[in-house]
Amino acid sequence: MTSWSLSGLSSRVDGFTLGPIDLRLDTGGAVAVIGRSGVGKTTLLRTIAGLLPPTAGRIERDGEDLTRVPPERRRLGYIPQSLALFPHRSVAGNVGYPLERRTTAPDPAELRALLDRFSLAHLAGRPTSRLSGGERQRVAIARALAAAPSLLLWDEPLSALDPTARSSLAELLGGVQRDEGIPLVVVTHDPEVAFALADRLLVLDAGRMAFVGPTTQLVDGELTAFLARFIGYENVIGRDELRPHAATALDAWLLERAGPGGLAISAEAVGLVDDASPGFVGRVRQLSPRPDGVDLRVEVEGRTVVARYRPLAGAVTYPRSGSPVRLQVDEKRIRRLAPSVGAA
Amino acid sequence: MAPARPASALGSRIGRAAAVVAAISLGALIVVPVLALVTYSPFGSLAGAVQDRGFRDAVVFTLEASGLAVAAALLLGVPSGYLLARRNFRGKSIVEALVTLPILIPHLLVGVALVVLFDRETLFGSVVVRLGIPFLNTIYAVVAVMTYVSVSYAVTASQLAFQTVDPDLLEASRTLGASPATAFRTITLPIAVRGIVTGGVLAWGRSVSEVGGLLIVAYTVYPVGPWAGPITSPASVYLYNLYTIGGLPGAAPAATIFILLGFAIFVTVRLLERLGRVVWRRQEFLP
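Read top to bottom, the protein sequences are chains A and B.
In case it helps, this note's numbering puts the first sequence at residues 1 to 344.
In case it helps, this note's numbering puts the second sequence at residues 345 to 631.
No wet-lab data here; the hints were simulated from the structure.
A portion of the hints provided could be inaccurate.
[Stated by the list, open to error] With the C-beta cut set under 8 angstroms, the calculated list includes, among others, these residues of chain B facing chain A:
(1) Asp512
(2) Ala522
(3) Ala525
(4) Thr526
[What the hints assert, rightly or not] With beta-carbon atoms standing in for the labels, derived distance ranges:
(5) A:Ala121 - B:Leu420: 33 to 41 angstroms
(6) A:Ser37 - B:Ala353: 35 to 43 angstroms
(7) B:Gly569 - A:Ala121: 57 to 65 angstroms
(8) B:Trp624 - A:Arg58: 47 to 55 angstroms
(9) A:Thr103 - B:Asp512: 21 to 29 angstroms
(10) A:Ala121 - B:Val623: 32 to 40 angstroms
(11) B:Arg360 - A:Asp116: 40 to 48 angstroms
(12) B:Trp624 - A:Ala121: 19 to 27 angstroms
Note that CB positions come from ideal geometry on N, CA and C, so glycine has one too.
Extracted from the complex, chain A is given alone in its bound form (with noise of 0.2 angstroms):
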């Protein structure tokens, strides 16, 4: 039973501060670090790394204090983006590398376990410049485990990943998170791995902590302007947004359904109508194909929305690029925000 604690853990690097960033994390525990690019997730990591020094604040694992204790001596597993394999050594001489940090007999038996654990036996003796991307995503995860971390620090796992291998690893990562219990940080842009793998959501906005919960507030929680977007809202609109327009009558109509931190509607409730239907008239102005239709970007009244359209049997013919078209928004399926003020 391992428990990592920060607390008020703060750090600058290039003009840029972090924090005070105060979070807990025990046995089993994962959290994802979700936020623009730029809010400091990267730094956070690597402060809870001991990369980079923190100018206020604990780390403290087990009660010890680590605060000031070098990267070595944490027993962490870092995953950097870049997964910085080391490129003079093989596909065994990155796996085994803890391990030969760790003792100087290291136990060939537990490296071949790593390797075959990983489907990586076959390519032990391999330069891993030879490697594709989801063999490199495994050589960094069987390193960060030879290192018997009691802490894992993951920066974008599964990032520049083809779908097959993403969704392949991302049930391997599960299954590692599962069986080893080891604490898991994990930076993403992405929501299906912050729900695959983490249990809390951890929201930074300018290296401030704006939100911290558990992810399944992503479904069926309250949830901000930045949440939504985060889960793939294509129409989110602040509320601060709408009050300077809300002269025209689609503003208007969104204002009046807005909740204090504004709405998110998903282009599937945003449909087509023909010219007897109530709705809002806007032209097209760029179409992107979908597994299921079409996503539109309509400007109404001076504002872009997202519509999907769905060519039914009979109706086969595709709005064009600047033709006009009427919208109807499912009243049903706007999802009303919270405030982004002490949340994202």
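Please build the complex by placing chain B on the supplied structure of chain A, with the hints as guidance.
Positioned in the frame of chain A, the structure of chain B alone reads:
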């Protein structure tokens, strides 16, 4: 009718052809003069050059002095290259420009500068004289000139070599249990070693080919301290002497031997470096 070749493919073919022509021209530029020299002397005269005691002494002395100069250049150059690669500080571009200064200065002037520096009238020179350390026409002067003219190559090659080591790799190694010294030994050095060896080879080549500065400070080298060998000259100066006394027939055989020896050393160092990497990889911990 065959489909028309796209313009970009044609462009890349022309580019490739131009690169091949450039490479062949470069090869010719380097090799043809050397071949002209090497094939100038009859084979028998090469044996005569090898038997020339004075030439042998000069070559042995040059190998010793250049070895010391390379060691000094690497000792000073590798840590400096590391700092230049890893640290940003005010005035860094000035330091980088200073590092290349020895390449810019005519090497005759390097000799002149050292003569001035070690003159008993200067503060430095007077201290050296008072300490009883001889300088001019000793191995010290030869090593000083050789180090001066070659150190830029060691610094610059090391700097470039260290710059190729991604800092992410070092951070990853730290989190995987390596201390800073271990990270340097197991990650930085193995990745940078090829560039450092290149710097050493360039520095050595530059040392043995130096003439101008050595003509000024060590035309004749007298034994001193632990270097109790015969009275000799640096090989480059010896060859210059052969040329001024005996013309081309007098100098060409010894020059041929010297070039072949230098080339053999270059190749050997490269092979050793490659062998070292293979041996190092074999030592990797494998299941």
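How the hints compare with the structure:
{"no.": "1", "hint": "Asp512", "in the structure": "4 angstroms, holds"}
{"no.": "2", "hint": "Ala522", "in the structure": "6 angstroms, holds"}
{"no.": "3", "hint": "Ala525", "in the structure": "11 angstroms, violated"}
{"no.": "4", "hint": "Thr526", "in the structure": "7 angstroms, holds"}
{"no.": "5", "hint": "A:Ala121 - B:Leu420: 33 to 41 angstroms", "in the structure": "46 angstroms, violated"}
{"no.": "6", "hint": "A:Ser37 - B:Ala353: 35 to 43 angstroms", "in the structure": "38 angstroms, holds"}
{"no.": "7", "hint": "B:Gly569 - A:Ala121: 57 to 65 angstroms", "in the structure": "60 angstroms, holds"}
{"no.": "8", "hint": "B:Trp624 - A:Arg58: 47 to 55 angstroms", "in the structure": "41 angstroms, violated"}
{"no.": "9", "hint": "A:Thr103 - B:Asp512: 21 to 29 angstroms", "in the structure": "25 angstroms, holds"}
{"no.": "10", "hint": "A:Ala121 - B:Val623: 32 to 40 angstroms", "in the structure": "25 angstroms, violated"}
{"no.": "11", "hint": "B:Arg360 - A:Asp116: 40 to 48 angstroms", "in the structure": "45 angstroms, holds"}
{"no.": "12", "hint": "B:Trp624 - A:Ala121: 19 to 27 angstroms", "in the structure": "23 angstroms, holds"}
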